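When you get a sec, could you build the whole thing from the sequences and use the hints?
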Amino acid sequence: MSELTQTQRDDLRTIAAMIIPASEEYKVPGADDPAIQADMLTTLGRDTALVQKALDHLAQLAGKPLAALDAARRDAVAKEFRATGGAAAATLVRVVLQCYYRDDRVLRSLGIELRAPFPRGHVLPDGDWSLLDPVKERPVNLRRA
Amino acid sequence: MNDPVDVLIIGAGASGAAVAWSLADTKMHILCLDQGGWMNPAEYPSTGRDWEAKFYGDWSTSPNVRGRPEDYPINDDNSPIKVVNFNGVGGSTVMYTAHWPRLHPSDFKVKTLDGVADDWPIDYDALTPFFEENDRMMGVSGLSGDPRSPLTHPPMPPQPLGLSGPLIGKAMNKLGWHWWPSDTTVATMDYEGRARCINLGHCTPACAQGAKASTDITYWPHAIRAGVELKTHCRVREIMTNADGMASGVVYYDKDGVEQFQPAEVVIIACNGVGTPRLLLNSVSGRFPNGLANSSGLVGKNLMFHPYAQIYGFVKEVTDSNRAPPTCLWSKEFYDTDLSRGFVRGYGIQFGRGAGPVFEAVASEQKGILPWGADHHRVFRRLNGHRLAVSAICEDLPEEHNRVTLDPVLKDGHGIPAPRIDYTISENSRKMMDHGLARGREILEAAGATDICTNDPIPWGGWHLLGTARMGTDPDRSVVNEWGRSHDVKNLFIVDGSVFVTSGGVNPTSTIQAVALYIADQMKQRLANLFD
Numbered sequence: 000m001s002e003l004t005q006t007q008r009d010d011l012r013t014i015a016a017m018i019i020p021a022s023e024e025y026k027v028p029g030a031d032d033p034a035i036q037a038d039m040l041t042t043l044g045r046d047t048a049l050v051q052k053a054l055d056h057l058a059q060l061a062g063k064p065l066a067a068l069d070a071a072r073r074d075a076v077a078k079e080f081r082a083t084g085g086a087a088a089a090t091l092v093r094v095v096l097q098c099y100y101r102d103d104r105v106l107r108s109l110g111i112e113l114r115a116p117f118p119r120g121h122v123l124p125d126g127d128w129s130l131l132d133p134v135k136e137r138p139v140n141l142r143r144a
Numbered sequence: 000m001n002d003p004v005d006v007l008i009i010g011a012g013a014s015g016a017a018v019a020w021s022l023a024d025t026k027m028h029i030l031c032l033d034q035g036g037w038m039n040p041a042e043y044p045s046t047g048r049d050w051e052a053k054f055y056g057d058w059s060t061s062p063n064v065r066g067r068p069e070d071y072p073i074n075d076d077n078s079p080i081k082v083v084n085f086n087g088v089g090g091s092t093v094m095y096t097a098h099w100p101r102l103h104p105s106d107f108k109v110k111t112l113d114g115v116a117d118d119w120p121i122d123y124d125a126l127t128p129f130f131e132e133n134d135r136m137m138g139v140s141g142l143s144g145d146p147r148s149p150l151t152h153p154p155m156p157p158q159p160l161g162l163s164g165p166l167i168g169k170a171m172n173k174l175g176w177h178w179w180p181s182d183t184t185v186a187t188m189d190y191e192g193r194a195r196c197i198n199l200g201h202c203t204p205a206c207a208q209g210a211k212a213s214t215d216i217t218y219w220p221h222a223i224r225a226g227v228e229l230k231t232h233c234r235v236r237e238i239m240t241n242a243d244g245m246a247s248g249v250v251y252y253d254k255d256g257v258e259q260f261q262p263a264e265v266v267i268i269a270c271n272g273v274g275t276p277r278l279l280l281n282s283v284s285g286r287f288p289n290g291l292a293n294s295s296g297l298v299g300k301n302l303m304f305h306p307y308a309q310i311y312g313f314v315k316e317v318t319d320s321n322r323a324p325p326t327c328l329w330s331k332e333f334y335d336t337d338l339s340r341g342f343v344r345g346y347g348i349q350f351g352r353g354a355g356p357v358f359e360a361v362a363s364e365q366k367g368i369l370p371w372g373a374d375h376h377r378v379f380r381r382l383n384g385h386r387l388a389v390s391a392i393c394e395d396l397p398e399e400h401n402r403v404t405l406d407p408v409l410k411d412g413h414g415i416p417a418p419r420i421d422y423t424i425s426e427n428s429r430k431m432m433d434h435g436l437a438r439g440r441e442i443l444e445a446a447g448a449t450d451i452c453t454n455d456p457i458p459w460g461g462w463h464l465l466g467t468a469r470m471g472t473d474p475d476r477s478v479v480n481e482w483g484r485s486h487d488v489k490n491l492f493i494v495d496g497s498v499f500v501t502s503g504g505v506n507p508t509s510t511i512q513a514v515a516l517y518i519a520d521q522m523k524q525r526l527a528n529l530f531d
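Quick note, the sequences are listed as chains A and B, same order.
If you read the first sequence in numbering that gives the first Met the number 0, its first letter stands for residue 0, the second for the next number, and so on.
If you read the second sequence in numbering that gives the first Met the number 0, its first letter stands for residue 0, the second for the next number, and so on.
Honestly, I wouldn't trust all of these hints.
Said to hold, decoys possible - Part of the chain B face toward chain A, derived, beta carbon under 7 Å:
#1 Ala-41
#2 Glu-42
#3 Thr-46
#4 Gly-47
#5 Ala-52
#6 Phe-107
#7 Arg-135
#8 Pro-146
#9 His-201
#10 Thr-203
#11 Leu-338
#12 Pro-356
#13 Ala-360
#14 Val-361
#15 His-413
To be verified - Distance ranges between label pairs, derived from CB positions:
#16 A:Glu-23 / B:Pro-68: 16 to 22 Å
#17 A:Glu-112 / B:Leu-174: 48 to 54 Å
#18 B:Arg-286 / A:Arg-137: 55 to 61 Å
#19 B:Ser-339 / A:Lys-26: 54 to 60 Å
#20 B:Lys-410 / A:Ala-144: 40 to 46 Å
#21 A:Ala-144 / B:Arg-286: 36 to 42 Å
#22 B:Asp-5 / A:Glu-112: 41 to 47 Å
#23 A:Pro-133 / B:Ser-339: 20 to 26 Å
#24 B:Ala-225 / A:Ala-144: 48 to 54 Å
#25 A:Glu-2 / B:Lys-26: 39 to 45 Å
#26 B:Phe-530 / A:Glu-2: 55 to 61 Å
#27 A:Val-139 / B:Glu-426: 29 to 35 Å
These are computed hints drawn from the structure, not numbers from a lab.
Note that this is a predicted model, so its numbers are computed, not measured.
C-beta: ideal position from N, C-alpha, C; glycine also.
Given below as structure tokens:
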């Protein structure tokens, strides 16, 4: 289970929604969706320390809960966070993205099957092998020792 | 103390497995120690819904990120290219792209042809039968007849071109440049007990289908049936020597962490271009104060990585994304020296079919082409499933300042000093990478790609660990002789990528294994006077 404080969880939810907001057009939730947030918190694992560091940095930039800032200030803080947050910020963003892009509703919207690659795999078209004909027609050109 | 063995092999990866299998027909008592264990395909990433996320954690290519008990840390802070590997039975063949080119004949005569580096003490022809044998054992798919590559006879047909292959082929034809279906160790038909590829896609971090060759499922079953003994979770700390200056055995920690001594008549090191110098440098004694087999001072020096210059973009057409093995085509258009390009030697090109959704989102956000906010969804749908990639695998020339040493502070889980990497990209390699990026851009533009991004070098691209115990005939300029035996310790052999004199411009595993089989064959031919 995540060791984030409630304040950190709130900021994580707010920044996640700024990265990926919900979309009516694509019929997908935002990354602040409760199920996606729960996935993040339960699977943080080895990323916990860096995400905590990122959230500390974010709190320092914001000076108060991120959600309490007006929209313009929140955008400015988010930009600065991404620009100056280094590996910790990159890890937080990656955690948001990897949990978002394995959510069933999101994958369905992208037309991706809801399953592991194994055991069914995928079918590949053989492709147009005649494209190789011009290469085959060239003489052997191998530099000899 | 354990009972003595005739041959002790350290490392059960690409080269150790090949040597074990080859030497098995001597009926000697052969023991292999590996610091890792047997892999369980049921636990491979592609068996789960979170297959992509595992790439950033337990199945990272970096041992420093992965941090499994069988991994050892590597201080690579002073290198723009980070070491990636896998530790366990099968070694890094468990976690590789299965791209299977060979070094070219000209790669063995670099000094003669181009006046740089050194020639190898052996040539391509000496390795030819072992390349062929290895291709049969590993199970290679491909198309014979590439006019720009050494002739191969893959026992299986090539992978399908899929959706990405024709896009690349059309672009290359437009430019009039060479391209060809890659030889790969992905089985395209049922082969020697392995099931054919079903395009799990996410096959770099291990293949749950068993279609991708790794030595735990190719060489090892044969070697064990022939009588070779393999002990897992045994980490070797150092090689011991006797009063005659011969290797007497190794000290290792067993699976319970208990220190053991294993005596042996012959010791063979197969620990890769970082692990091998680490072990030699950790094997210090009064007679060998600078590490074992190091009278030349070259153990750990001349590290070669293959800087990868990667460029990728996004086309309107749908690409194979994560629904195919990641590589399927290569090009040797810029492989040979052309001094008008401003550098000596050259590079192979490896084409990438695409990426999965999580990888695409993470990479594109980092590059700044996938925005935060309302436009995120529209842009992601334009990028995801539309990626094509071009990677120039640049020939790294040997330079002594690129090296593996022992870190004064960092240690592994058994308290054994860890390796430290000091590496810089040379001016020649830099120019080669720039050339590769420029040509890659032309290829992508010919394919109609936009949003072009580069990784220059691919930072976590230190797959190919070469040159740190080079072979040669001069004991002052090499660590092992032309058949892999240490110049200093006559019952000590090295069979991994450490012995490479130069790196070529291709993935090296095929050549590493051919060299290992060649050395094993040389040993068998000389059994009566192996130590003379």
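Here's how the hints hold up against the structure:
A distance limit of 7 Å between C-beta atoms decides the matter here; for Ala-41 of chain B the minimum to chain A is near 9 Å, and the interface restraint is violated. Annotation: Glu-42 of chain B was flagged as interfacial toward chain A, and the flag is violated, the nearest CB pair being 11 Å apart, outside 7 Å. The beta carbon of Thr-46 of chain B is positioned within 7 Å of a beta carbon in chain A (closest approach about 5 Å), and the interface hint is therefore held. Satisfaction of the interface hint for Gly-47 of chain B is found here, the shortest Cβ-Cβ separation to chain A being roughly 5 Å, below the 7 Å cut-off.
At about 5 Å, the closest approach between the beta carbon of Ala-52 of chain B and any beta carbon in chain A falls short of 7 Å, and the interface hint on this residue holds. Among the interface hints, the one on Phe-107 of chain B holds; its C-beta lies about 6 Å from the nearest C-beta in chain A, closer than the 7 Å criterion. At its closest, the beta carbon of Arg-135 of chain B sits 23 Å from a beta carbon of chain A; the interface hint therefore is violated under the 7 Å criterion. Given the 7 Å rule on beta carbons, the hint for Pro-146 of chain B holds: about 5 Å separates it from the nearest Cβ of chain A.
The beta carbon of His-201 of chain B comes within 6 Å of a beta carbon in chain A, closer than 7 Å, and the hint placing it at the interface holds. Below 7 Å, beta-carbon pairs count as interface contacts, and Thr-203 of chain B has none with chain A, the closest being about 12 Å; its hint is therefore violated. With a least beta-carbon distance of about 14 Å to chain A, the hint placing Leu-338 of chain B at the interface is violated under the 7 Å criterion. Because the smallest distance between the Cβ of Pro-356 of chain B and any Cβ of chain A comes to about 5 Å, under 7 Å, the interface hint for this residue holds.
Satisfaction of the interface hint for Ala-360 of chain B is found here, the shortest Cβ-Cβ separation to chain A being roughly 4 Å, below the 7 Å cut-off. Among the interface hints, the one on Val-361 of chain B holds; its C-beta lies about 5 Å from the nearest C-beta in chain A, closer than the 7 Å criterion. The restraint placing His-413 of chain B at the interface with chain A is violated, with a minimum CB-CB distance near 22 Å, outside the 7 Å limit. A beta carbon spacing of about 49 Å between Glu-23 of chain A and Pro-68 of chain B contradicts the range 16 to 22 Å that was offered as a hint.
Distance hint check: the CB atoms of Glu-112 of chain A and Leu-174 of chain B are about 36 Å apart, inconsistent with the given range 48 to 54 Å. As the Cβ distance of Arg-286 of chain B to Arg-137 of chain A is approximately 57 Å, the hint placing it in 55 to 61 Å holds. For Ser-339 of chain B and Lys-26 of chain A, the hinted distance range of 54 to 60 Å is satisfied, since their beta carbons lie about 56 Å from each other. The hint said 40 to 46 Å for the Cβ distance between Lys-410 of chain B and Ala-144 of chain A, and at roughly 44 Å that hint holds.
Restraint check, Ala-144 of chain A to Arg-286 of chain B: a C-beta distance of roughly 39 Å satisfies the suggested window 36 to 42 Å. Restraint check, Asp-5 of chain B to Glu-112 of chain A: a C-beta distance of roughly 53 Å breaks the suggested window 41 to 47 Å. The hinted window of 20 to 26 Å between Pro-133 of chain A and Ser-339 of chain B holds, with their beta carbons roughly 24 Å apart. Our hint of 48 to 54 Å for Ala-225 of chain B and Ala-144 of chain A is violated, since their Cβ atoms are close to 35 Å apart.
For Glu-2 of chain A and Lys-26 of chain B, the Cβ-Cβ distance of about 58 Å falls outside the hinted range of 39 to 45 Å, so the restraint is violated. For Phe-530 of chain B and Glu-2 of chain A, the hinted distance range of 55 to 61 Å is satisfied, since their beta carbons lie about 59 Å from each other. Our hint of 29 to 35 Å for Val-139 of chain A and Glu-426 of chain B holds, since their Cβ atoms are close to 33 Å apart.
The earlier numbered hints that this structure contradicts are 1, 2, 7, 10, 11, 15, 16, 17, 22, 24 and 25.
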